[in-house]
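**Student:** Here's the letter readout for the chains.
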Amino acid sequence: MTRAPARFFQTFPFGPRPDQTGEVSGLLDQHRDYVLRTVEERGVRLVRLWFTDVLGNLKSFAISPAELENALEDGMTFDGSSIDGFSRVQESDVLAVPDPDTFELLPWGEPGAAEARVFCDIRALDGTPFEGDPRQVLRRTVKAAHDLGFTFYIAPDLEFFYFEQPTAGLKPQPLDYGGYFDLTTRDAAGDLRKQTIRKLEQMSIPVEYSFHEDSPSQQEIDLRHTDALTMADSVMTFRLIVKEVAASQGVHATFMPKPLEGVQGSGMHLHMSLFRGDENAFYDGSDPHALSPLAKSFMAGLLVHAAEITAITNQTVNSYKRLVPGFEAPVHISWARNNRSGLIRVPIAKKGNPLATRIEYRSPDPACNPYLAFSLLLAAGMRGIEQGYELPEEADANLFEMDDTALAKLGITQLPQSLSDALRTMERSDLVHDVLGEHIFEWFLRNKRHEWREYKTHVSQFELDRYLRSV
Amino acid sequence: MDDASTAAGMLAVFADPIAPELARSLDLAGYSWKSVASIDEASDNEPADGWQGAIIDCTGDPENAWAFARTLRKSDGSHLKVLVLIGGAHLGDLHLRDDLFDDFCLSPFHPAEFEARLRHLLWNVGDAVSPAGELVEYGQLVLNLETYQATIANRPLDMTYMEYELLKFLAQNPGKVFTREILLSRVWGYEYYGGARTVDVHIRRLRAKLGEEHAGLIATVRSVGYRFGQSRWGN
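For the record, the sequence lines run as chains A and H.
Position in the first sequence (first residue = 1) + 863 = the working numbering.
Position in the second sequence (first residue = 1) + 2 = the working numbering.
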């Protein structure tokens, strides 16, 4: 891996957030005013302050409307020591500072007792960005891209399963046995999906498609692109809404990457593009594939660093049971235009629309922390651009049918095979270290190694079935 | 559906005949206007709440145009805001006629300059006329600028701050076509990290929240941008 400094990375650590400069403080005042008036006018009784821990779990505490003005001004102090990946005990208090642009009414409050939520940035008590806050990691990564004139857009395809309420020790029970695009007759899931989409739209999360996926009771909802920070917030909201709506009907929704053996798991394919103002920087009409040199370098960056960032895009032991041949999940680090066995696919844009030119990164699963995953994907792509990485040849053959020698000849390697593999690769990565910062980098490795150790000591049903009698 | 720009007022345009580029600029900018050929016509066609302003084109028949301007001032005091269009060779005609007009624009004009001057000329006219300055209404959409609340067909709209600001901006400028860049700079007002496509994202959200029945309030104008409400220039 190259260690030469690049401009994108020299911008770390970042200066003050744009909203800390005097010029826009008037605007922020209006934001605050809007939030406070809305709370008053709509009879909001409870404001939920949301933030995300390092593992991507949504955290929340509620305040009364009377506290809100103070919270918007100075933030709310809370003890971060019990949040995964936050403070060490000796410096446990942190500030949750609401981002007023994310203030919205929750679509399930009772009339007359509405509830609202607002995402928070976490700061140290002295007001500096808190190093354990994943949202700040993404904020400074998109800021670095923005300083170079780029906006990073993401549209995720989110897959998940509906099951009957789980019973400990039993396999999950699907609601139906429908397949891809099936309109199942007893379509309880279809109804859930419809309700979910309505709530998503109410929460400013536009849906592009939704359908029954390949596996029993598996669903897919595709979101329309937004800038990466908005989308990371949206993914957090999305996961909550899907689970809330399901729970209201006595159904369990899960984003576990591979809940059922022998059928496809759940991925979160990410459609990505970089814009320079109004223009799609990935588009070049003169290229036979309509891809600009910049898009190619970005893809090369993703391919070069794919293995290093996999521990973040696929952060559970279970994630690696999805990344196996035969289930439409990528295994090899390669790209192609129309080959779903590769890591990166370049979809053909509808009517050659320049704005729709994009690349699809296929390995992440919906159990990841979207803030950290989006940060690393952007940083890997930007490194490709800045160092002028060469994009390797397109791999349009079915890679699953090739043996190792043939793959080696093409220079195609594999994604990490297990969480342990992925952690080892991540540990050696300057890129991941620089983007996440020392605090999260170190905490994540420690936490995940612990998870791996626990997994290693587990004796599975597979082993009992295989060895108990025969050995 | 009520046309909000009608409610905002009607412009009298003295020009004989009206130049196509003038008509087109007024339409694209979303103004309601009526061409008048004489003071009698201006008086006969005056809307119930009065003219919002007047544009006098002095490039065709200057003499006649200045006569119109003078009579207009006499009959109206100096309440009505008057914009004069004048050819470069006739700038001298403005001399000693300062009392007859409020602003002028060289003709042939640059549409953006013309629009900017007109907007500036009329910027506080609407407020003075409309007692409900805190409300923006268009069809079934009502925005209360004081409380930041909005309703469509009496149903409250839950919006983020930027969604509200965008809808407010559009509803205050019905019939006009805006590019993404303009919307970004006027509504977000600073270099927003989301970039110009942010506008598309917010328009998409607004349409979803307005509901299917009202989503058409915001029209996409192909390869230009967006327009709120009905076009003044057909479709």
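Calculated from the structure, these hints are not laboratory results.
Errors might be hidden in some of the hints.
[What the hints assert, rightly or not] Covered, in the sense of this in silico footprint (three residues per stretch, anywhere, with C-beta under 8 angstroms from a C-beta of chain H), are these stretches of chain A:
| no. | stretch |
| --- | --- |
| 1 | 959–965 |
| 2 | 1077–1091 |
| 3 | 1268–1275 |
| 4 | 1310–1318 |
[Said to hold, decoys possible] A short list of chain A residues far from chain H (calculated; beta carbon distances all over 12 angstroms):
| no. | residue |
| --- | --- |
| 5 | Arg905 |
| 6 | Ser923 |
| 7 | Ala925 |
| 8 | Asp989 |
| 9 | Gly990 |
| 10 | His1009 |
| 11 | Thr1014 |
| 12 | Ala1051 |
| 13 | Glu1191 |
| 14 | Gly1300 |
| 15 | Leu1331 |
[What the hints assert, rightly or not] Under 10 angstroms between C-beta atoms, here's a sample of chain A residues computed to sit facing chain H:
| no. | residue |
| --- | --- |
| 16 | Pro970 |
| 17 | Trp971 |
| 18 | Glu973 |
| 19 | Ala977 |
| 20 | Phe1013 |
| 21 | Phe1015 |
| 22 | Met1119 |
| 23 | Leu1218 |
Here a beta-carbon is modelled for each residue, glycine too, at the ideal position from N, C-alpha and C.
**Student:** State for each hint whether it applies.
**Tutor:** Verification of the supplied hints:
Only residues whose C-beta sits within less than 8 angstroms of a C-beta in chain H count toward coverage, and the stretch 959–965 of chain A has 3 of them, enough to reach three; the restraint holds. A stretch counts as covered by a chain when three or more of its residues have a beta carbon under 8 angstroms from one of that chain; for the stretch 1077–1091 of chain A and chain H the count is 4, and the coverage holds. Counting residues of the stretch 1268–1275 of chain A whose C-beta lies closer than 8 angstroms to any C-beta of chain H gives 0; at least three are required, and the coverage claim is violated. Beta-carbon proximity to chain H at under 8 angstroms applies to 0 residues in the stretch 1310–1318 of chain A; the threshold of 3 is not reached and the given coverage is violated.
With a closest Cβ-Cβ approach of about 7 angstroms to chain H, Arg905/A is found to fall inside the 12 angstroms limit, against its non-interface label. Non-interface call for Ser923/A relative to chain H: holds, since the shortest CB-CB distance, roughly 18 angstroms, exceeds 12 angstroms. Every beta carbon of chain H lies more than 12 angstroms from that of Ala925/A, the smallest distance being close to 19 angstroms; the non-interface claim holds. Even its closest Cβ contact with chain H, about 24 angstroms, leaves Asp989/A beyond 12 angstroms, as expected for a residue assigned away from the interface.
Residue placement check: Gly990/A keeps its beta carbon more than 12 angstroms from all beta carbons of chain H (closest about 20 angstroms). Non-interface call for His1009/A relative to chain H: violated, since the shortest CB-CB distance, roughly 5 angstroms, does not exceed 12 angstroms. The claim that Thr1014/A is not at the interface with chain H is violated, since a C-beta of that chain comes within 12 angstroms of its own (minimum 3 angstroms). The Cβ of Ala1051/A sits about 25 angstroms from the closest Cβ of chain H, beyond the 12 angstroms cut-off, so the non-interface label holds.
Its beta-carbon lying about 29 angstroms from the closest one in chain H, Glu1191/A satisfies the requirement of being farther than 12 angstroms from that chain. Distance check on Gly1300/A: its Cβ is at least 19 angstroms (rounded) from any Cβ of chain H, clearing the 12 angstroms threshold; non-interface status holds. Listed as a non-interface residue, Leu1331/A keeps its Cβ farther than 12 angstroms from every Cβ of chain H; the least gap is roughly 56 angstroms. Residue-level restraint check for Pro970/A holds (minimum Cβ-Cβ distance to chain H is 8 angstroms; threshold 10 angstroms).
For Trp971/A, the interface hint is violated, the least distance from its beta-carbon to any beta-carbon of chain H being 12 angstroms, above 10 angstroms. For Glu973/A, the interface hint is violated, since its Cβ never comes within 10 angstroms of a Cβ in chain H; the closest pair sits about 15 angstroms apart. Annotation: Ala977/A was flagged as interfacial toward chain H, and the flag holds, the nearest CB pair being 9 angstroms apart, inside 10 angstroms. Of the supplied interface hints, the one on Phe1013/A holds, with its beta-carbon coming within about 8 angstroms of a beta-carbon of chain H, less than 10 angstroms.
With a cut of 10 angstroms, the hint placing Phe1015/A at the interface with chain H holds, because the nearest CB-to-CB distance is about 9 angstroms. At about 29 angstroms, the closest approach between the beta carbon of Met1119/A and any beta carbon in chain H exceeds 10 angstroms, and the interface hint on this residue is violated. Taking 10 angstroms as the C-beta contact cut-off toward chain H, the hint placing Leu1218/A at the interface holds, the least distance being around 8 angstroms.
The structure fails to meet hints 3, 4, 5, 10, 11, 17, 18, 22 from the earlier list, while all remaining hints are met.
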